[in-house]
Structures are given as structure tokens and as C-alpha cells.
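Novice: Protein chains in written order, with the UniProt record's numbering: chain A, 1 to 125; chain B, 1 to 854.
In case anyone wonders, no lab produced these hints; they're calculated from the structure. There's no promise every hint is true.
[Stated by the list, open to error] DSSO-like mimics (lysine-lysine), calculated; alpha carbons at most 30 Å apart, straight line:
#, chain 1, residue 1, chain 2, residue 2
1, B, 218, B, 323
2, A, 85, B, 228
3, B, 7, B, 201
4, B, 228, B, 205
5, B, 470, B, 599
6, A, 85, B, 676
7, B, 583, B, 806
8, B, 454, B, 470
9, B, 583, B, 676
10, B, 482, A, 85
11, B, 323, B, 471
12, A, 85, B, 7
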Amino acid sequence: MTASAEPDSRVTTVVCRLTDIEVEGGVAALVVGEAVAVFRTYDDHVFALSNYDPCSRASVLARGIVGTRDVDGTQVPFVASPMHKQAFDLRTGQCLDDAAVQVPTYDVRVGDDGMVLVGGRTSSS
Amino acid sequence: MSPKTRKTLVVAGHGMVGHRFVQAAIERGLTETYDVIVVGEESRAAYDRVALTSFFEVGADELSLLPGGQYDDPRVRLVLDTAVEGFDPETRTVLLAGGEVISYDELVLATGASPFVPPVPGHDLPGCFVYRTIDDLEAIREAAAGARVGVVIGGGLLGLEAANALAQLGLETHVVEMAPRLMAVQVDAAGGATLARHIEKLGLKVHTGAMTSEVVEKDGRVGALALKDEEPIPAEVVVFSAGIRPRDTLAREAGLDLAERGGVLVDERCRTSDPHVWAIGECAAPGGRMYGLVAPGYAMAEVVVDALLGGPGEFTGADMSTKLKLLGVDVASFGDAHATTVGALELVFADAVAGHYKKLVVLENEAGDGTVLIGGVLVGDASAYGVLRPMVASGIELPANPEDLILPASRGVPEIGLPDEAVVCSCNNVTKATILEHVSREETPCTDATCVTKCSGAGSTCGSCKAGVKKIVEDHFASVGKVVDRSLCEHFPLTRQELFDVIAVHGYTRFDDVVEGHGRGRGCDICKPTVASILASQLNGHVLDAAARTLQDTNDAYLANIQRNGTYSVVPRIPGGEITPEKLIVIGEVARDFDLYTKITGGQRIDLFGSRMEQLPQIWQRLVDAGFESGHAYGKSLRTVKSCVGSTWCRYGVQDSVGLAIALELRYRGLRSPHKLKGGVSGCARECAEARSKDFGVIATEKGWNLFVAGNGGAAPVHARLLAGDLDTETLVRYLDRFLMYYIRTADRLQRTAPWVDSLEGGLERVREVVVDDVLGLGSELEAAMASHVEGYFDEWAATLEDPDKLARFVSFVNAPDTPDPHITFREERDQAVPGDSAGPVSLGASIPVGAPQ
Ligand SMILES: Cc1cc2nc3c(=O)[nH]c(=O)nc-3n(C[C@H](O)[C@H](O)[C@H](O)COP(=O)(O)OP(=O)(O)OC[C@H]3O[C@@H](n4cnc5c(N)ncnc54)[C@H](O)[C@@H]3O)c2cc1C
Numbered sequence: 001m002t003a004s005a006e007p008d009s010r011v012t013t014v015v016c017r018l019t020d021i022e023v024e025g026g027v028a029a030l031v032v033g034e035a036v037a038v039f040r041t042y043d044d045h046v047f048a049l050s051n052y053d054p055c056s057r058a059s060v061l062a063r064g065i066v067g068t069r070d071v072d073g074t075q076v077p078f079v080a081s082p083m084h085k086q087a088f089d090l091r092t093g094q095c096l097d098d099a100a101v102q103v104p105t106y107d108v109r110v111g112d113d114g115m116v117l118v119g120g121r122t123s124s125s
Numbered sequence: 001m002s003p004k005t006r007k008t009l010v011v012a013g014h015g016m017v018g019h020r021f022v023q024a025a026i027e028r029g030l031t032e033t034y035d036v037i038v039v040g041e042e043s044r045a046a047y048d049r050v051a052l053t054s055f056f057e058v059g060a061d062e063l064s065l066l067p068g069g070q071y072d073d074p075r076v077r078l079v080l081d082t083a084v085e086g087f088d089p090e091t092r093t094v095l096l097a098g099g100e101v102i103s104y105d106e107l108v109l110a111t112g113a114s115p116f117v118p119p120v121p122g123h124d125l126p127g128c129f130v131y132r133t134i135d136d137l138e139a140i141r142e143a144a145a146g147a148r149v150g151v152v153i154g155g156g157l158l159g160l161e162a163a164n165a166l167a168q169l170g171l172e173t174h175v176v177e178m179a180p181r182l183m184a185v186q187v188d189a190a191g192g193a194t195l196a197r198h199i200e201k202l203g204l205k206v207h208t209g210a211m212t213s214e215v216v217e218k219d220g221r222v223g224a225l226a227l228k229d230e231e232p233i234p235a236e237v238v239v240f241s242a243g244i245r246p247r248d249t250l251a252r253e254a255g256l257d258l259a260e261r262g263g264v265l266v267d268e269r270c271r272t273s274d275p276h277v278w279a280i281g282e283c284a285a286p287g288g289r290m291y292g293l294v295a296p297g298y299a300m301a302e303v304v305v306d307a308l309l310g311g312p313g314e315f316t317g318a319d320m321s322t323k324l325k326l327l328g329v330d331v332a333s334f335g336d337a338h339a340t341t342v343g344a345l346e347l348v349f350a351d352a353v354a355g356h357y358k359k360l361v362v363l364e365n366e367a368g369d370g371t372v373l374i375g376g377v378l379v380g381d382a383s384a385y386g387v388l389r390p391m392v393a394s395g396i397e398l399p400a401n402p403e404d405l406i407l408p409a410s411r412g413v414p415e416i417g418l419p420d421e422a423v424v425c426s427c428n429n430v431t432k433a434t435i436l437e438h439v440s441r442e443e444t445p446c447t448d449a450t451c452v453t454k455c456s457g458a459g460s461t462c463g464s465c466k467a468g469v470k471k472i473v474e475d476h477f478a479s480v481g482k483v484v485d486r487s488l489c490e491h492f493p494l495t496r497q498e499l500f501d502v503i504a505v506h507g508y509t510r511f512d513d514v515v516e517g518h519g520r521g522r523g524c525d526i527c528k529p530t531v532a533s534i535l536a537s538q539l540n541g542h543v544l545d546a547a548a549r550t551l552q553d554t555n556d557a558y559l560a561n562i563q564r565n566g567t568y569s570v571v572p573r574i575p576g577g578e579i580t581p582e583k584l585i586v587i588g589e590v591a592r593d594f595d596l597y598t599k600i601t602g603g604q605r606i607d608l609f610g611s612r613m614e615q616l617p618q619i620w621q622r623l624v625d626a627g628f629e630s631g632h633a634y635g636k637s638l639r640t641v642k643s644c645v646g647s648t649w650c651r652y653g654v655q656d657s658v659g660l661a662i663a664l665e666l667r668y669r670g671l672r673s674p675h676k677l678k679g680g681v682s683g684c685a686r687e688c689a690e691a692r693s694k695d696f697g698v699i700a701t702e703k704g705w706n707l708f709v710a711g712n713g714g715a716a717p718v719h720a721r722l723l724a725g726d727l728d729t730e731t732l733v734r735y736l737d738r739f740l741m742y743y744i745r746t747a748d749r750l751q752r753t754a755p756w757v758d759s760l761e762g763g764l765e766r767v768r769e770v771v772v773d774d775v776l777g778l779g780s781e782l783e784a785a786m787a788s789h790v791e792g793y794f795d796e797w798a799a800t801l802e803d804p805d806k807l808a809r810f811v812s813f814v815n816a817p818d819t820p821d822p823h824i825t826f827r828e829e830r831d832q833a834v835p836g837d838s839a840g841p842v843s844l845g846a847s848i849p850v851g852a853p854q
């Protein structure tokens with residue numbers, strides 16, 4: 001295993017078909033050597049976060065339950081860590097239970113052929 | 001410390017009040033200075049005499065007030081099966097029946113009372129009984145077995161209770177009362193008549209205004225009861241319940257002062273005419289009056305402990321209010337029930353059809369501008385008792401339409417503001433102020449009435465004030481603007497039970513329909529697993545079916561238990577803990593081949609730790625091939641039914657506990673429930689399976705099985721309580737089916753059986769009504785639901801291995817299924833693999849080739 005090199009944001013990894021991800025489910029993908037959790041919400045949006053849950057220090061977020069939480073009147077899509085249930089905003093990686101915690105997010109989109117493409121980190125923390 | 005500095009306190013009598021005294025002495029530190037010796041004449045330690053009649057259903061163990069048989073405090077010595085024969089105030093010694101003489105510094109008499117048996121001819125024939133102790137009830141039960149007709153002499157509170165018991169033992173039952181009405185002490189003529197109608201409807205025969213002239217002998221036993229001016233009643237069993245007399249003989253023989261009408265005369269500190277002798281409970285007569293209820297006795301016990309500690313406590317009389325349920329009929333009387341106060345007015349509500357009779361006794365207040373409540377009688381529906389009784393004690397103004405207080409409950413409980421000092425629970429002397437303290441205290445305040453009962457004792461003895469406590473708690477939260485929110489989560493304004501019903505009624509099979517119809521948003525980690533569990537209970541589907549998969553909690557989602565480093569543990573089912581050597585070897589081989597950390601669990605099975613998610617199917621393939629099934633260690637579902645080795649091997653065993661445990665574990669395996677469920681079966685009373693620490697525990701008796709329910713281990717351990725005794729296996733299974741289904745249908749999310757039972761109005765008694773007496777008529781429906789579970793059961797792991805769709809999810813990375821997650825590392829400890837510590841996110845670098853998706 002090599003130490004983390006800044007991933008090249010120009011590289012895009014094709015991880016799977018959109019239909020390989022369950023609605024309101026997630027998959028773990030290996031993106032330029034990093035474990036990335038890719039989620040699909042009810043309205044078929046995709047989101048990608050680091051799979052590493054900083055609260056439990058384990059690589060598990062893709063296995064969490066996906067839902068929505070009302071934050072000041074907005075329905076925020078989130079994943080609950082399967083370990084200790086902390087909620088993370090799928091859009092920003094912000095932990096909704098602890099302002100000091102955030103996980104990195106990745107560029108992600110669905111191509112015209114229905115494939116899910118993950119790019120580089122969009123934020124770091 | 002020299003032993004001389006410690007003093008000796010002797011308590012004569014280990015009944016309800018004697019026990020309360022010792023408890024208070026321990027709690028309040030009296031045993032720091034005194035060695036306490038308690039001498040009781042009965043062979044059993046103190047038990048709940050108030051609940052005596054339930055002995056027939058639950059047995060002696062359940063009634064015990066000291067289940068361990070000993071106090072936790074080593075400075076208390078309990079001597080049972082031994083009477084105090086006498087004491088000498090001069091030498092300060094007591095003489096025990098065995099001849100032992102004990103010197104005391106202080107002596108507390110707590111000898112209670114004995115039933116009064118009128119000296120009619122034949123009163124001592126075999127077949128004549130009194131109704132006071134467990135031994136009495138055992139003898140009555142034995143006599144009833146060969147009898148057809150029973151008569152109770154006395155139509156007071158206790159007489160009716162005894163009549164109830166005779167009827168339940170299957171006897172044609174008569175009640176003979178000298179006075180012109182039943183319960184003459186507590187209720188008025190009209191109330192007594194309503195009560196008599198209720199009781200006769202239940203098949204008992206009531207003879208009021210009837211004088212017993214003789215118990216007639218036949219073949220050396222009771223043959224009939226002869227009455228003045230009435231036909232004799234042929235009967236084989238006669239129970240005397242014609243009042244009680246204080247047991248004051250010890251005091252009389254020692255030369256102490258007695259009250260005119262009996263009882264050891266004591267002052268307001270409960271001190272007798274000898275300064276070192278005290279009397280409490282039914283043997284005592286403070287100010288010359290004896291009290292035949294337990295609450296005043298408890299108050300006296302506290303007063304004496306206080307006095308011995310140098311405190312100021314005094315006993316100044318007691319509330320003689322009563323509420324009870326007789327043969328299913330609620331009866332309550334409180335305050336000046338007979339309107340003997342000058343100027344008292346009666347307000348009566350009677351509904352002959354429903355059999356309700358309610359009377360309020362009111363008095364104009366001193367200013368002449370309002371009325372206060374001074375007493376009342378309730379027959380048939382006593383739901384208002386909890387609110388009314390404290391109103392009497394506090395003397396608060398009645399609302400403008402006081403009749404609202406007793407009109408049928410449909411109008412809701414009326415709004416009344418009790419003053420803070422009003423005593424809400426008279427058994428434990430808890431005021432409204434104390435209840436409010438518990439809900440508003442700084443540190444972890446109580447959030448519901450159940451917690452208040454636990455913390456303050458209010459409602460924990462006779463339970464009649466529970467509704468009142470609940471009302472005060474809810475009013476408090478309403479007043480501080482806190483809605484007592486029982487919603488499951490922000491997505492559903494429903495409790496789990498309501499959600500269960502909604503899903504059943506609409507026949508929903510998908511979360512989407514449930515949340516669209518009854519919720520908002522897209523759900524969360526609370527409501528989704530709850531809905532998944534309800535769907536699993538109702539439909540018996542596979543938890544990894546497409547519609548249910550994303551609803552499952554962490555562990556259910558992969559049919560294994562997630563561990564701290566993201567790996568899983570695997571637990572195959574080993575029903576009852578019985579396993580062949582061949583199977584044991586397979587487990588060992590699998591553990592060895594996959595390098596799994598191996599540990600024996602408390603539930604008599606084996607836990608294999610450290611499986612990567614993608615290894616789970618391979619591990620399970622081997623286990624399923626060897627005949628293992630999922631152990632559901634990951635589910636809110638039945639875990640294990642633990643057993644001792646039972647009569648097959650054990651020289652003490654009386655039943656085959658292993659056989660039953662296996663049968664129960666196989667019956668309930670896979671059953672999804674609000675929380676995990678555990679069971680246990682012990683083959684004899686030694687209870688080696690620790691069954692009473694389980695949600696359901698079965699203990700063998702000579703005659704069958706005793707069924708205990710609602711226990712648990714863990715952080716707040718609770719002993720399971722007896723639901724029903726001496727059951728044959730078929731009945732046992734039927735009751736268990738009902739119990740478990742009733743729990744699954746009505747419990748809150750993550751509520752284990754013990755708090756669930758406590759949260760039900762009526763508690764364990766309610767469970768017994770539903771499960772054993774089937775008062776809701778739900779029995780066959782609950783059994784059918786369980787039968788459908790049993791029929792629909794399949795092994796989740798075997799089914800998963802056969803389904804490529806379900807297996808597809810068991811990969812480390814969707815796009816690199818052959819690359820293990822580098823975050824998972826192990827180190828070695830005591831020759832086994834254990835999780836390595838994580839230093840943060842790990843990257844494999846870009847050099848690892850990533851397979852393109854097919
Ligand atoms: C069937 C029934 C139903 C009842 N229902 C209610 C109710 O609903 N509400 C209510 O408030 N009350 C009720 N009571 C009354 C209640 O049980 C008593 O008020 C209470 O038990 C009194 O407690 P105690 O300790 O004074 O007497 P007890 O509980 O009788 O205890 C006295 C103990 O002292 C022992 N003893 C006596 N003499 C000696 C001696 N010389 N040496 C050693 N030991 C001795 C006795 O054997 C006995 O075990 C009921 C009673 C009965 C029988």
C-alpha cells in the first residue's frame with residue numbers, strides 16, 4: 001500500500017452503471033486508489049463521499065442508510081454511518097450531528113450511457 | 001470497633017410492615033448502630049399479603065417481598081418459622097419458640113392481626129378456614145379440589161375477595177353477610193346493592209342480613225351452614241372472614257397497655273407504654289385506633305425508624321381510602337363515604353344498565369362561595385379515584401359542575417389543579433410536589449410516568465393512582481410547552497404500534513407507500529429499520545429482498561454483525577446450545593481457514609470475528625453445507641434459547657430442558673421484533689440456565705413448566721416475572737406465542753419486553769389478562785400470526801447464497817471486487833487475529849489496476 005498521493009482531479013473513473021446502485025443505497029468504489037462511497041437518492045441523483053467514517057475510523061459509509069433530514073425547512077439528503085449513526089450531508093460531506101466533522105466529497109455524474117463517473121475531490125477536510 | 005458499642009434491635013413478626021421497617025432501617029442507616037434480628041412465625045419471608053389472592057395464579061415466589069430470602073445488609077439476621085413466645089421488659093429479653101433468648105435494646109412488635117372466627121358451633125371442623133396466609137390458601141385449594149360448594153362468612157372487602165377465590169377454584173360460592181349490604185364499612189346502601197348485582201351476575205349467591213347459627217357436621221367434616229330464618233346451605237368448605245383482631249397477646253402478657261378495642265396502645269411516635277418497646281402495623285393502635293390497611297402500617301414503620309434515629313416523625317392518622325377490583329368490578333371509597341359530616345351533601349350518578357354507581361360527598365366551604373369534596377363511593381367504574389382522592393385530602397375548591405368528575409369518562413378527565421402538597425400516592429406517601437420534582441429536576445429528569453413511578457415509588461404498590469400520576473406528568477409537560485412527543489422520528493408522527501397497525505390495515509408491503517401515505521420526507525435510520533422489522537413480522541419476506549434491502553440496519557443489511565474495523569462476525573445457530581462434534585469441527589475448520597477470531601458467547605454458541613464483507617458468502621457456504629443456519633445474531637429478533645442440561649443427564653433435573661429449548665428456538669427463530677429477544681429453559685428450580693434473566697424463561701416443575709416473562713441482563717438487569725405456573729408444554733407454547741406476538745404488535749421501537757410490560761396500563765397483570773385470560777379475544781389471532789411465522793420460516797443465509805442478485809452486494813468495491821479494502825488490518829493477540837488500529841484514510845495509489853465494470 002502506498003501513502004496517499006493527491007488524486008489527479010482530471011482523471012475520471014467509471015465505477016458502475018447507475019442501476020447497479022440501489023435506490024437510496026450506496027456502493028463502495030475504488031477511485032484512484034481511494035475508497036469512495038457512491039450513493040443514489042430517491043430522485044436518482046448521485047453523490048460521492050469518502051467511504052471513510054472519521055467518527056468510527058472505519059471504511060464503511062457506503063453501507064449506511066440513505067434518507068432525508070429536515071434542516072431549517074430543507075429536506076437534506078444524508079447517509080447515516082452504519083457504525084454509530086452520525087448523519088452526513090450527501091451534498092457537502094458535512095456531519096449533521098457535529099459541525100467540526102466533514103468528509104471529502106467527489107465529483108460524480110451519470111453519463112448518457114447510464115454509467116456513473118467519479119472524478120476528483122471537490123472539497124477536502 | 002468493640003462489639004459492645006453496637007446495640008440490638010429485635011423485630012417480632014416478618015409481615016408486610018415488619019419488612020418495610022427493616023428496609024427503612026437499612027436505607028436510612030439505622031443498621032450502622034444496630035444489629036437487627038427479625039423473627040417471623042411463618043415459614044416464608046414477608047410476602048405481599050395485599051395481593052394474596054393472586055397466589056392461586058402466580059404462586060408463592062411471585063408474592064415474595066424478599067425474593068432472595070435474605071437482606072443485603074449483613075447486620076440484619078432473619079429468623080423464620082419461629083414464633084416469639086414472650087418478652088420481658090425488665091430484663092429486655094425475648095424468648096423464641098426454640099428456646100433461644102435474645103437481649104434487646106429496642107423491641108419492635110409487628111405481629112399483625114388474625115382473622116376473627118365467631119364462636120358458632122362447629123367453627124373448628126375440618127373444612128373451616130380463614131383467609132390470611134399463603135398456608136391458609138394452600139389448605140383451601142386442597143379442600144376445594146374435592147368440594148362442590150363453598151361459603152364465605154362475611155361480605156366485607158376481604159370476604160368478597162375470598163369468595164372470588166372460591167369461585168375461581170370452581171366452587172359454587174355463597175357469601176353470607178350479617179349486615180343488610182355488602183362492604184358495609186366502605187360503601188352506602190345503594191352502592192352495596194349495585195355491587196351485589198354485579199356479583200350475582202357472575203354466578204355468586206349473596207345472602208345479606210343473614211345470621212350464621214351453626215356449621216353442621218357431616219362425617220366428621222363440614223357438611224352445611226345453618227342460618228337463622230333461612231334454609232341451610234349444603235357446603236364442604238367454609239371460610240370465615242368476619243373481621244380481624246390485632247395480635248396483641250405478647251404485649252398483654254408483658255403487661256403493656258392495650259387499646260380498649262384491642263391492639264397495642266402506642267403514642268404518635270408508635271411507642272408503647274414501655275419506652276423500649278414499639279408497635280407498628282395492624283397489631284398497633286395509635287391513639288387507641290387500629291388500622292386494617294397496609295399504608296398506615298408503612299407510615300408507622302417509617303415513624304419508628306425516624307424516632308430511633310432521633311428524628312421528629314409522628315403518626316397522626318391515616319387515609320382509609322380503598323380501591324380494589326373484586327371479581328372484575330371496580331370498587332372505591334374514600335374520605336367521608338357515608339356523609340356523616342354535618343351539612344354534607346350527596347351527589348349521585350347511577351347507571352343501572354352499565355352497573356355504575358358513583359357518589360360524591362361535598363360540603364359548602366367556609367366562605368360559603370363554593371364546595372369542597374370530602375368523600376365518595378365508586379362502584380363499577382372507579383377510574384376517577386386517582387383524581388378524586390387527593391382532592392379530599394387537599395380540600396381544594398370543586399369545579400362549577402362537580403358532576404363532571406363522575407360522569408362517564410367520554411368527556412375526558414376534568415381539569416383540576418391539585419395543590420402541590422396533595423398526597424397522590426397514599427401507599428408510599430408521595431405528594432404532587434415530589435412528582436413534579438422528578439420531572440423537572442436538573443439531572444436526567446423523568447420524561448414519563450413510568451420513570452416517575454420508578455424514581456418516587458408513586459403507583460408502585462397498589463397502582464390505583466397510576467392514572468393520576470400520568471395526568472400530573474402530562475399536565476406538567478403541557479404547561480412547560482413540551483408536547484410529549486411519541487412520534488417515531490421526524491418522518492412519522494406515529495408510534496411504532498400505530499405504524500404497525502397502519503401497515504397491517506392497509507396491507508402495505510413497501511416503505512415508499514408507507515411514507516407517502518403517512519409520513520414525510522424519505523425516511524432515516526430510525527424509521528426505515530422499524531418499517532423493515534414490521535414488514536418482516538407481517539410478511540415473513542427475505543430482509544434482502546429488493547423492496548426491503550435499503551431499509552435494513554447495518555447488521556441486517558449484510559446478515560452479520562459489524563465490528564469496529566468494518567469487518568463482521570458470524571454466528572451460526574446452535575439451538576439450545578446442543579452441538580455434535582462433527583459440526584463443532586466444521587466451525588473450527590472454517591474459523592481456521594478464514595483466520596477468524598473465535599469466542600464462545602453467553603448464549604451458548606460460537607462467534608467468529610473478522611470476516612471481510614466479501615468473505616461472508618464463502619464462509620456461509622461452508623456452514624450451510626454442514627447443516628448450519630443463520631443465528632440471527634445481527635437482527636432484532638430471537639437470539640438464543642439457553643438451556644441447562646436437564647433431566648436427560650442431570651441427577652436433579654425434572655424435565656427435558658434441552659429438548660424444550662431446542663423446540664422453542666426452532667419455533668421462534670427468525671422472528672423479527674422491536675428489540676432482540678432471548679429465552680432460557682431450566683430443567684429444575686436450580687435455574688442453571690439463568691432463564692429469569694431472559695425475555696422469556698421457562699423453569700421446570702414436577703408438574704410441568706413455570707413461564708416467566710420480561711427479564712433481561714445488560715445494563716439494567718431485570719428478573720423475569722411469573723406469568724403462569726405448572727403448564728403443560730402445549731399450553732406453554734400457546735401462551736408464549738401470544739405473549740411474543742402481543743409484544744411485537746404493541747411495543748415501541750427498541751423497547752425490550754421488561755419496559756414494555758411496565759409501560760402497559762396494568763403492567764404484568766394486563767399481560768396476563770391478554771395472554772392467559774384472553775380478555776381481548778385476541779388469543780387465536782395472535783396464535784395464527786405466530787403459526788404463519790413458523791410456517792413461513794426459511795434460512796436467510798441459504799436463500800441468499802442461492803440468489804445472485806443478493807450476493808452481488810457482497811463485494812469490497814463495485815469496480816474492483818478482487819481488491820480487499822486496505823483500511824482493514826489485523827494484529828495478533830493471544831494467538832488470534834484482532835483489529836488493527838486505523839491511522840486514517842488509506843490510499844492504494846493509482847497504480848492498482850481497476851477492472852472496468854462489465
Ligand atoms: C386477602 C387480603 C387482602 C388485603 N387487601 C388489602 C388491600 O387491598 N389494601 C390494604 O391496604 N390492605 C389489605 N390487606 C391488609 C394488609 O395485608 C395488612 O394491612 C398488612 O399485611 C398488615 O401488615 P402487618 O405487617 O401489620 O401484618 P402481617 O402482614 O399480618 O404480618 C405479621 C406477621 O407477624 C407474624 N407474627 C405474628 N405473631 C408473631 C409472633 N409472636 N412471633 C413471630 N411472628 C409473629 C405473622 O405470622 C405475620 O407473618 C389485605 C389482607 C388480606 C388478608
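Novice: Decide if the proposed pair is consistent with the structure: residue 7/B and residue 201/B, CA atoms, cutoff 30 Å inclusive.
Specialist: It is violated: about 58 Å lies between the C-alpha atoms, which goes past 30 Å.
Novice: Would the pair residue 583/B and residue 676/B pass a check requiring their Cα atoms to be no farther apart than 30 Å?
Specialist: Cα-Cα ~26 Å, so holds.
Novice: Quick one, are residue 218/B and residue 323/B close enough, alpha carbons at most 30 Å?
Specialist: violated, 39 Å
Novice: Holds or violated: residue 228/B and residue 205/B, Cα atoms, limit 30 Å.
Specialist: Holds, at about 17 Å.
Novice: Does residue 85/A pair with residue 7/B here, judged by a C-alpha cut-off of 30 Å?
Specialist: Status violated; Cα separation ~58 Å.
Novice: Can you confirm whether the C-alpha distance between residue 85/A and residue 676/B stays at or below 30 Å?
Specialist: holds, 19 Å
Novice: Hinted pair, alpha-carbon criterion (30 Å max): residue 482/B, residue 85/A. Please report holds or violated.
Specialist: Distance of about 26 Å is within 30 Å: holds.
Novice: Is the hinted pair residue 470/B and residue 599/B satisfied, with a Cα-Cα distance of at most 30 Å?
Specialist: violated, 46 Å
Novice: Holds or violated: residue 454/B with residue 470/B, Cα cutoff 30 Å?
Specialist: holds, 13 Å
Novice: Decide if the proposed pair is consistent with the structure: residue 85/A and residue 228/B, CA atoms, cutoff 30 Å inclusive.
Specialist: violated, 78 Å
Novice: Straight-line Cα separation of residue 583/B and residue 806/B no greater than 30 Å?
Specialist: holds, 27 Å
Novice: For the pair supplied as a hint, residue 323/B and residue 471/B, confirm whether the alpha-carbon distance does not exceed 30 Å.
Specialist: Holds, because 18 Å separates the two Cα atoms, which is no more than 30 Å.
In terms of the numbered hints stated before, the structure departs from hints 1, 2, 3, 5, 12, listed from lowest to highest.
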